[in-house]
Amino acid sequence: MNDVDLREQFHNWAAPLRAAAAPEFAGIRRRARRRTARLAALAGGTAAAIAVAVSLVGGVLTGPAGGPDHVSHPASFWGQSRYPAPGQAPYVFINGSASGSPMIGDAASGRIAGRLATVGTRGIFGAAAVTSNDRLFVLAQQSEADRITFAEARITPSGSVLLRRILPGISVAASQIYGMTVNPAGTRLVLNTWPAGRTGAGKLLVYDLTAGTLVDSWPENHTGVVTFQYWPTADRLALYWQDSGSLAYSGLRILNTAVRSAGPSLAAATQPGPDLRGYHRGAFTADGSVALNMIQSGSAEVLQEFSARSGALLRTIPIGTARAQQDSPDFCGVLWASADGRELLTQCGRRQQEVVNGTVTRVKLAWNFLAPQTPVTTFAW
Amino acid sequence: MASSDDFREFYRASYGRTLATVAALVGSKHEAEDITQEAYARALARWSWLHGFDLPDAWVRKVAVRLAVDSSRRRRTRLAATLRLESLRPPQPPQPDDDLRYTPLGAALLDLPIRERQVVVLHYLADLPVDEIARECGLPAGTVKTRLAAGRRHLAERLAQYPEAVT
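Chains Z and E, in that order, give the protein sequences. Residues in the first sequence are numbered consecutively from 1, following the numbering used here. Residues in the second sequence are numbered consecutively from 382, following the numbering used here.
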């Protein structure tokens, strides 16, 4: 039996199911309402329980004047924030949810800095990227006119948001974005695109954000794909290249974007980086010193921290249960990491944690974050 | 902008495809319908941002597949827990209208471990290439290829027991 036969068997088997009429739409609507009500009740119940617990603890520690607004974290990396967000970089872009429009919020206080609508076009925000100091967000806008355009959202010193359109757009008919990263200085942006219909090779595009121009583009090949990337310096991009055609290229590779491409493929234009094969689901801290890798271990979702230099396992941190992840549309992984990885905020399902030098504390942040769905980024922090 | 009519159209157009994928994973039409409708209900709750996707059905499929895989794992646990009671039950007649496991392919599929079944169904039924399955399942492409090869081999062995299913 060959592939064609097997595929045909599948399609014959599924034909009656595919032809099945969809049940009445009203049933779906009722189910959606019930689900929303259930989640609201759950969130309300949780909030009430937390409020009671906080007021009880506050009462014991501070007397009658204590309450949620008086609760502060001990002097630490997080400063005196109401929520355990870094004082220097608390801003997070949240790309809408069932209950709200896209916004940028101050995660340290829970304040909404600004609600956002696409600039110069009607559509939605797709991919999003942010500098490591959380003051510049680059947002890809997908419109009904089959164009992907770009906007930047800058946080002003007073904490408001300035939104404006930047960079030339690209055609949806030609490309879809599957990755986008901005360098720490906010001067360069890299886009990973694949062709519409996903046949053929993708491209890696580098933009100069200061000049507002496309600097260069590198063709990927048919057998490789960038799974994640970060900028260790203003010009050098580190990317994890997974190539099923040529294993010689697979692994962490470094691209010097200051050198013109002169037509080579992306794989050929890059130099091998540290040998870190196997970090397919991972990410790197901004300084590139720590590799963060999510694995499922038994019934737990576990975060592994590896030294990017030696490959040694530094620590493992349980962040939630596999069941919590499977049953929930919520994000499971690292929400935010300090440049050296010593401070982390994680979420898995509804469970949120701060990790400071390996010490784990359960927390409740101002927002819960949905899992990203390619090509739409649900948050950037 | 997103509207209820947009969703209805999307729902009617894509329901059958999603149902078939889920049914191949869980082996029961009734259970597949329940899971598929749950996935669409979740999509409806997020339609204001989901409608801008190039392929919103990919989002629904991902949610539905996740629910189906979870359901299959739960069923395995339930079966293990109630296996010792099997001898006390009256024999259950097959229900061809519901249970897809009484077809050769359905039976062969349900014999596969769920991790192999998932990639086989996504590849042969949803027509996804390896890279896309890897992205959708959060797996390395190499792992998907390995599971696909094992699943194909196991499927062929089981289908060989049903001569009419082999072409």
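These are computed hints drawn from the structure, not numbers from a lab. Honestly, I wouldn't trust all of these hints.
Dumping the calculated SDA-like pairs for lysine to any residue here, alpha-carbon to alpha-carbon at most 20 Å [said to hold, decoys possible]:
no.	chain 1	residue 1	chain 2	residue 2
1	Z	203	E	512
2	E	526	Z	249
3	E	443	Z	203
4	E	410	E	426
5	Z	203	E	511
6	E	410	Z	178
7	E	443	Z	371
8	E	410	Z	19
9	E	526	Z	243
10	E	443	E	488
11	E	526	Z	5
12	E	526	Z	81
13	E	526	Z	6
14	E	526	Z	203
15	E	526	E	485
16	E	443	Z	329
17	E	443	Z	4
18	E	410	Z	329
19	E	443	Z	22
20	E	443	Z	178
If you're wondering where the values come from, they're calculated on a predicted model, not measured in any experiment.
Now the hints, each set against the structure:
At roughly 16 Å between alpha-carbon atoms, residue 203(Z) and residue 512(E) fall within 20 Å of each other, so this suggested pair holds. Under the criterion of a C-alpha separation no larger than 20 Å, the hint pairing residue 526(E) with residue 249(Z) is consistent with the structure, at around 18 Å. For the hint linking residue 443(E) to residue 203(Z), the alpha-carbon distance of about 25 Å lies beyond 20 Å, and the restraint is violated. At most 20 Å may separate the alpha-carbon atoms for a hinted pair to count; residue 410(E) and residue 426(E) exceed this at roughly 24 Å.
Taking the CA atoms of residue 203(Z) and residue 511(E), the gap is about 19 Å. The hint holds against a cut of 20 Å. Using a Cα cut-off of 20 Å, the hinted pair residue 410(E) and residue 178(Z) is violated, with the two alpha carbons roughly 34 Å apart. Restraint check for residue 443(E) and residue 371(Z): satisfied, since their Cα atoms lie roughly 12 Å apart, inside the 20 Å limit. This hinted pair checks out: residue 410(E) and residue 19(Z) have alpha carbons roughly 13 Å apart, not beyond 20 Å.
At roughly 13 Å between alpha-carbon atoms, residue 526(E) and residue 243(Z) fall within 20 Å of each other, so this suggested pair holds. For the proposed pair residue 443(E) and residue 488(E), the alpha carbon gap of about 23 Å is over 20 Å, so the pair is violated. Distance restraint check for residue 526(E) and residue 5(Z): the Cα-Cα separation of roughly 19 Å lies within the 20 Å cut-off, and the hinted pair is therefore satisfied. With a C-alpha separation of about 47 Å, the suggested pair residue 526(E) and residue 81(Z) falls outside the 20 Å cut-off, and the hint is violated.
Among the hinted pairs, residue 526(E) with residue 6(Z) is consistent with the structure: their alpha-carbon atoms are about 16 Å apart, no more than 20 Å. Distance restraint check for residue 526(E) and residue 203(Z): the Cα-Cα separation of roughly 24 Å exceeds the 20 Å cut-off, and the hinted pair is therefore not satisfied. At most 20 Å may separate the alpha-carbon atoms for a hinted pair to count; residue 526(E) and residue 485(E) exceed this at roughly 24 Å. With a C-alpha separation of about 10 Å, the suggested pair residue 443(E) and residue 329(Z) falls inside the 20 Å cut-off, and the hint holds.
The straight-line distance between the Cα atoms of residue 443(E) and residue 4(Z) is roughly 25 Å, outside the 20 Å bound, and the hint therefore fails. A hinted pair counts as satisfied when its Cα atoms are at most 20 Å apart, and residue 410(E) with residue 329(Z) does not qualify at roughly 24 Å. Distance hint between residue 443(E) and residue 22(Z) is fulfilled; the C-alpha atoms sit about 19 Å from each other, no more than 20 Å. For the hint linking residue 443(E) to residue 178(Z), the alpha-carbon distance of about 17 Å falls within 20 Å, and the restraint holds.
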